[in-house]
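Please work from the sequences and hints to get the whole structure.
Chains as they are written, first to last, in our numbering: chain U, 11 to 356; chain V, 11 to 356; chain P, 11 to 356; chain E, 11 to 356.
Check before you lean on any hint, since a few could be wrong.
Claimed, not checked - Calculated lysine-lysine pairs in the DSS-like style (CA-CA distance at most 25 Å, straight line):
#  : chain 1 : residue 1 : chain 2 : residue 2
1  : V       : 263       : P       : 122
2  : E       : 150       : E       : 35
3  : P       : 308       : V       : 122
4  : E       : 262       : P       : 35
5  : V       : 261       : P       : 261
6  : V       : 288       : P       : 125
7  : U       : 261       : E       : 262
8  : P       : 344       : E       : 35
9  : U       : 180       : U       : 261
10 : U       : 51        : P       : 199
11 : P       : 180       : V       : 263
12 : U       : 262       : E       : 35
13 : P       : 262       : V       : 180
14 : V       : 180       : U       : 51
What the hints assert, rightly or not - Pair by pair, the computed Cβ-Cβ distance ranges are:
#  : chain 1 : residue 1 : chain 2 : residue 2 : range
15 : E       : 350       : P       : 197       : 28 to 38 Å
16 : P       : 151       : E       : 77        : 53 to 63 Å
17 : U       : 199       : P       : 346       : 30 to 40 Å
18 : V       : 265       : P       : 150       : 47 to 57 Å
19 : P       : 289       : V       : 36        : 46 to 56 Å
20 : E       : 35        : P       : 45        : 38 to 48 Å
21 : V       : 265       : E       : 33        : 52 to 62 Å
22 : P       : 150       : V       : 234       : 52 to 62 Å
23 : V       : 234       : U       : 344       : 48 to 58 Å
24 : V       : 312       : P       : 176       : 19 to 29 Å
Stated by the list, open to error - Some chain E residues close to chain U (C-beta under 8 Å, calculated; not the full set):
#  : residue
25 : 188
26 : 205
27 : 209
28 : 217
29 : 219
30 : 238
31 : 242
32 : 251
33 : 253
34 : 261
35 : 298
36 : 312
37 : 319
Treat the hints as calculated values from the structure; they're not laboratory data.
The model shown is predicted, which means the values in this text are computed figures rather than measured ones.
Heads up, the beta-carbon is just placed ideally off N, CA and C, and yes, glycines get one too.
There are 4 protein chains.
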Amino acid sequence: MIKVGIIGSTGYAGNEIVRILLRHKNASVKWFGSRSYKDMKYASVYGNFVELVSDTCLEDDIERLSDEVDVIFTATPQGLCSSLVNEKILSKTKIIDLSADFRIKDVAIYEKWYKLEHKSPQFIKEAVYGLCEINRQDVKNARLIANPGCFPTCSILSIYPLLKEGILDKDSIIIDAKSGTSGAGRGAKVDNLFCEVNENIKAYGVANHRHTPEIEEQLSYMAGEDLMVNFTPHLVPMNRGILVTAYGNLKKKVTYDEVKAIYDKYYKDEYFVRVLDKDICPQTKWVEGSNFTDINFKIDERTNRIIMMGAIDNLVKGAAGQAVQNMNIMFGEKENEGLDIVPMFP
Amino acid sequence: MIKVGIIGSTGYAGNEIVRILLRHKNASVKWFGSRSYKDMKYASVYGNFVELVSDTCLEDDIERLSDEVDVIFTATPQGLCSSLVNEKILSKTKIIDLSADFRIKDVAIYEKWYKLEHKSPQFIKEAVYGLCEINRQDVKNARLIANPGCFPTCSILSIYPLLKEGILDKDSIIIDAKSGTSGAGRGAKVDNLFCEVNENIKAYGVANHRHTPEIEEQLSYMAGEDLMVNFTPHLVPMNRGILVTAYGNLKKKVTYDEVKAIYDKYYKDEYFVRVLDKDICPQTKWVEGSNFTDINFKIDERTNRIIMMGAIDNLVKGAAGQAVQNMNIMFGEKENEGLDIVPMFP
Amino acid sequence: MIKVGIIGSTGYAGNEIVRILLRHKNASVKWFGSRSYKDMKYASVYGNFVELVSDTCLEDDIERLSDEVDVIFTATPQGLCSSLVNEKILSKTKIIDLSADFRIKDVAIYEKWYKLEHKSPQFIKEAVYGLCEINRQDVKNARLIANPGCFPTCSILSIYPLLKEGILDKDSIIIDAKSGTSGAGRGAKVDNLFCEVNENIKAYGVANHRHTPEIEEQLSYMAGEDLMVNFTPHLVPMNRGILVTAYGNLKKKVTYDEVKAIYDKYYKDEYFVRVLDKDICPQTKWVEGSNFTDINFKIDERTNRIIMMGAIDNLVKGAAGQAVQNMNIMFGEKENEGLDIVPMFP
Amino acid sequence: MIKVGIIGSTGYAGNEIVRILLRHKNASVKWFGSRSYKDMKYASVYGNFVELVSDTCLEDDIERLSDEVDVIFTATPQGLCSSLVNEKILSKTKIIDLSADFRIKDVAIYEKWYKLEHKSPQFIKEAVYGLCEINRQDVKNARLIANPGCFPTCSILSIYPLLKEGILDKDSIIIDAKSGTSGAGRGAKVDNLFCEVNENIKAYGVANHRHTPEIEEQLSYMAGEDLMVNFTPHLVPMNRGILVTAYGNLKKKVTYDEVKAIYDKYYKDEYFVRVLDKDICPQTKWVEGSNFTDINFKIDERTNRIIMMGAIDNLVKGAAGQAVQNMNIMFGEKENEGLDIVPMFP
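The following block contains the structure:
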């Protein structure tokens, strides 16, 4: 039985890790860390867990945690995990960090976009970017996982096969993303009040959202050379879901069948990626609650562009689900253990 | 392995039975009946099932079904199940009817409220009203289950312990219910369009909703004498969930502890009923996707009334989940097999 | 031209007063008071007013205000208006208080339910309860208006004609109300985040909501004797709208036509009250953005009860609209000046 | 007083024309045409109009209409207006067509994208494309207005000043649009049910949406040469609102001030276009119910692209509001008569 500790268990991502692990055969949450709700019953913070979780929230003591659990999930704001981690801790326990601290290899880029000093740059190189479908082998032996951001997960999975196979003009990529509001977290902010979000849509972080360099770094690996993208997220009046609509110029004429064959080559054996039938557009509702990524594309012969679409549940494949998927790989579990959740519709 | 057939598998309730049974260890859907989508891939009707269900929709042939499956779920409009069932079929297979056809023992009342002639009144007496927490023993040996309505399930579970224990004035009960829109089904009607429901709330079926006699009959059994209630449902702009707020006059002064003790007496050992802590009001979101019923109450000493509250997911405990719970009881399965779903929040 | 000052102009009710007065022919907002947003452009706090309002938020200085404006709207938390008002101010300017400070005549009841000491009880008697359809004559000459609460407005208008005409058992009244989330204000609270409210419904303030004594006091006047009610509000995932479903026992048999005649007697000449056609249930969407109250009823002969239903926009008839209606009456304006807004659908 | 007839008055756009004209000083709807609801009270089809509109729906008889009214709005499906219009009618009355029939000058392109034979191509040349801010002079004397589509209105207003001033690479334009559900109309379709749209987002009409050639034709005029765009609409779970996020490559380095000056040059004197302050992203909620178009932009120096954003209410500036704006121009009314509606928030 894998013993799990969560630092930041009372945020939406932490709460989702708990939901998933409650039905995991070989893992169990032993430590519900929470600064804000310390000493409160976890089920009083999240009423869905009444009679399912009897634990009380504990302080975020990573030292004690590293003695008591096999793996620590840090579902915390940027800068916290990197300020806590050290060699002693990593020698005793594995860490899956849901924040951005270890996602970007170039510390200068991290510090510029996040406006934070990185507190433990010595671990950046070792950290594995936990996009499981791409880095599965490295994840297996990792001590420290940088769990990917929600937008990068959906964007990269939608785009990278075409980039890797060389059919996309690497400098033409535009990613227009739409997110449910749970991505903004459970902090009490006017901008996230029901009345501000409902019956409304807006872009935010235009040309400066912090997921941009993460996407660029990963896509650059695929392209084999540096590239930059435009990435624009939008806030949508729904709880869960990310939809990515990405645009790229085609380097040559391609047919539907050729592109379909590329996606199949990369995803045919991937349980969590579903390439949809021709002309079926992904819908976020079709993946809700699950760890699936639904993908499709459309070639526009008139403009010689391709439109790539992807849908995920931002709290599952975009956060907690992928974190558990990483844990499963690291501990030799079946990759979809606890994650074979059927999407809920409607 | 229990072989399952569904007549009406492409409605929202049918779709929910499929979602649940996909994770049931000992049951499997063998027949996806659908009049509207015959010969279409089931996963093309409900995109959430892509790569999870490969079956094609079949016609609603109950004769063939009764030879091939162990249990038939009829998730169909009122009047259909009662026109199909006969002794030969019941001798070969069990039927769990999600419509109202066999819920009401007095056929005259059924025909009056439903404005339909009942086609097989000879089976009404035999049919077991499948509110599992109340009729578990009868369910075990039933051939034909009348799966309760969504509003009655939530209303009865919230009220009956107090009625049975004699603290409620039986003639004072008022039930004000609020339902998500999935209860209205997947039929294409202007009234259920997004733009008509969103940012809106209204009552409907005031003083004549067809769940009224079903609630009255069951509560009358508890009270030991006939009673009538006021029942008013409202349409709420959300997909799932029923919240019941019920009011009753107290026959005598009671304390919080006394009432709590009554609820505990009836529900302490019930996996699917959660009586919440003092002063915590049930929220539909806390049971979403699960088979739980959350219950609480508040005594108003000023007016000598008690307010009883209950919350369910209308598609799970209010339809598909309770149907599977009945199946589990009938076939000797663990009662929560396939139903130990953790509610999803947010 | 009536010069208007608003204390608390950056809450949702204050913002709605601004929206309405921008199209009022003879009134103009001269002072946009705001503690939280002092010195910021009003249109930067509420983007809907870009190019329509060029003013800057000012401090809440009631002394200066009383010199500069003809009427002050206080759209502030309970306790503030009563701590500011004094004879000198009232001698110079009129006050329309949207808080509860002057709604309840019995100061002991106010202090018990609001858990506040009342700072100027000497003005309670003078203050006029500004439910215009009932107290129009008193409003005309008032210096200080207690603008009614949102739930009381909708509840009282739905019930009082039947109570006054003596057909209701005064001790049987149960009010089950449903409100959009703007009623909770613009404060940053976790409970009002989009993800907590969306796809969810719950009761709150059960048996102890502070609008209860306000409703009881007003209905007692109508009944000619003291009465108590049960009042239960619910939070609905929509921005605007209150729906009241009220239940009462009939003291004698009445027909539809008799009850319809009573409502018509009271409301036939009221511009802002619309009694709907038989069997048409009020919908909050049909009054959205307007100052209308839509009303209807249904007699349940079986239980000898009557169900009374009312719908308003909580920010208009439930707050800002009624406040402007009071201003119009006080200043001899046409009662619907600025308020002849057509409801917006969908 | 301008006498108005509406063919298709019971669709969402028709209903919105009625809402607007009820507060127009010099226009009045005399004919509420409706095929589906003939002989029914208009206020029974749209409950918001109770006690405001007492008319009954009439048949869609354009011959009689042309004798009785000064202007006809056709808020009908594609193909209907072009099958009704003829020289005799146009000699007696003006027509403002809200369908696409006369928007596209090249009839072959119309017929290809709309898959319809055009029934009166002889009027296409005469018809004026009623994007008022651009074609105001031509509108003045028009007999037949092609009222622009919702997406084209928002897209063109966001993009065309930059195109006209030559700073955009004309072949680089990508338009990613998001629309509320009212754009899909009031037809009873499963895809537009509440439960299918709520908590969901998807793209549709990818690379083949029929607003594409309309946008291309108008932008080509601005660019002075033919161009093609990628246009992708998305369905958002909200009633009203369109948000356009458009991307273009810059032909040369430009500063914020330079681009701002261009927008100001075109829109400074336009009542209905609001260019927002630096870094403020348009939100659909800020224009809800109004005829405003909110616009802003962001230069991405890294990629040398510009992101242009626009927000409208699809039923107002995207349909009924712009139609009335056209009527005002044609009849010499103040351009914002009836349209000086303050956006409603929240």
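Evaluation of the provided hints:
Using a Cα cut-off of 25 Å, the hinted pair residue 263(V) and residue 122(P) holds, with the two alpha carbons roughly 23 Å apart. With a C-alpha separation of about 19 Å, the suggested pairing of residue 150(E) with residue 35(E) holds against the 25 Å cut-off. Distance restraint check for residue 308(P) and residue 122(V): the Cα-Cα separation of roughly 20 Å lies within the 25 Å cut-off, and the hinted pair is therefore satisfied. Pair hint residue 262(E) plus residue 35(P) does not hold up; C-alpha atoms about 49 Å apart against a cutoff of 25 Å.
Between the alpha carbons of residue 261(V) and residue 261(P) the distance comes to roughly 21 Å, so the proposed pair stays at or under 25 Å and holds. With a C-alpha separation of about 21 Å, the suggested pair residue 288(V) and residue 125(P) falls inside the 25 Å cut-off, and the hint holds. For a cut-off of 25 Å, the pair hint linking residue 261(U) to residue 262(E) stands: about 24 Å separates their Cα positions. Restraint check for residue 344(P) and residue 35(E): satisfied, since their Cα atoms lie roughly 17 Å apart, inside the 25 Å limit.
Taking the CA atoms of residue 180(U) and residue 261(U), the gap is about 9 Å. The hint holds against a cut of 25 Å. Between the alpha carbons of residue 51(U) and residue 199(P) the distance comes to roughly 20 Å, so the proposed pair stays at or under 25 Å and holds. Restraint check for residue 180(P) and residue 263(V): satisfied, since their Cα atoms lie roughly 21 Å apart, inside the 25 Å limit. Between the alpha carbons of residue 262(U) and residue 35(E) the distance comes to roughly 59 Å, so the proposed pair goes past 25 Å and is violated.
Note on residue 262(P) and residue 180(V): the hinted pairing holds, with a Cα-Cα distance of about 21 Å set against a maximum of 25 Å. About 37 Å separates the Cα atoms of residue 180(V) and residue 51(U), which puts this hinted pair outside 25 Å; it is violated. Separated by about 32 Å at the C-beta atoms, residue 350(E) and residue 197(P) satisfy the suggested range of 28 to 38 Å. Roughly 54 Å separates the CB atoms of residue 151(P) and residue 77(E), a value that falls within the hinted 53 to 63 Å.
Against the hinted window of 30 to 40 Å, the Cβ-Cβ separation of residue 199(U) and residue 346(P) comes to about 38 Å, which satisfies the hint. Range check, residue 265(V) to residue 150(P): about 50 Å between beta-carbon atoms, so the 47 to 57 Å window is met. Separation of residue 289(P) from residue 36(V) is about 49 Å and conforms to the stated range, judged on CB atoms against 46 to 56 Å. Separated by about 40 Å at the C-beta atoms, residue 35(E) and residue 45(P) satisfy the suggested range of 38 to 48 Å.
Between residue 265(V) and residue 33(E) the Cβ separation comes to about 58 Å, which falls inside the hinted range of 52 to 62 Å. Between residue 150(P) and residue 234(V), the C-beta spacing of about 59 Å keeps the proposed range 52 to 62 Å intact. Between residue 234(V) and residue 344(U) the beta carbons are some 54 Å apart, a value that agrees with the proposed interval 48 to 58 Å. Judged by the Cβ atoms, the range 19 to 29 Å given for residue 312(V) and residue 176(P) holds: they are separated by roughly 23 Å.
Against a cut-off of 8 Å between C-beta atoms, the interface hint on residue 188(E) holds, since the closest Cβ of chain U lies about 5 Å away. With its C-beta approaching chain U no nearer than about 4 Å, residue 205(E) sits inside the 8 Å limit, and its interface hint holds. Hint status for residue 209(E): holds, given a least beta-carbon distance of 5 Å to chain U, under 8 Å. The criterion of a C-beta within 8 Å of any C-beta in chain U is met by residue 217(E), whose closest approach is roughly 4 Å, and the hint holds.
Of the supplied interface hints, the one on residue 219(E) is violated, with its beta-carbon coming no nearer than about 11 Å to a beta-carbon of chain U, more than 8 Å. With a least beta-carbon distance of about 5 Å to chain U, the hint placing residue 238(E) at the interface is held under the 8 Å criterion. About 6 Å separates the beta-carbon of residue 242(E) from the nearest beta-carbon of chain U, less than 8 Å, and the hint is met. Contact between residue 251(E) and chain U, as hinted, is supported at the beta carbon level, the nearest pair being about 6 Å apart and thus within 8 Å.
Evaluation of the residue 253(E) hint against chain U yields a held restraint, the C-beta minimum of about 5 Å falling below 8 Å. The interface hint given for residue 261(E) is violated, since its Cβ lies 16 Å from the closest Cβ of chain U, which is over the 8 Å cut-off. The beta carbon of residue 298(E) comes within 7 Å of a beta carbon in chain U, closer than 8 Å, and the hint placing it at the interface holds. With its C-beta approaching chain U no nearer than about 6 Å, residue 312(E) sits inside the 8 Å limit, and its interface hint holds.
Among the interface hints, the one on residue 319(E) holds; its C-beta lies about 6 Å from the nearest C-beta in chain U, closer than the 8 Å criterion.
Hints 4, 12, 14, 29, 34, counting from the list given before, are not met by this structure.
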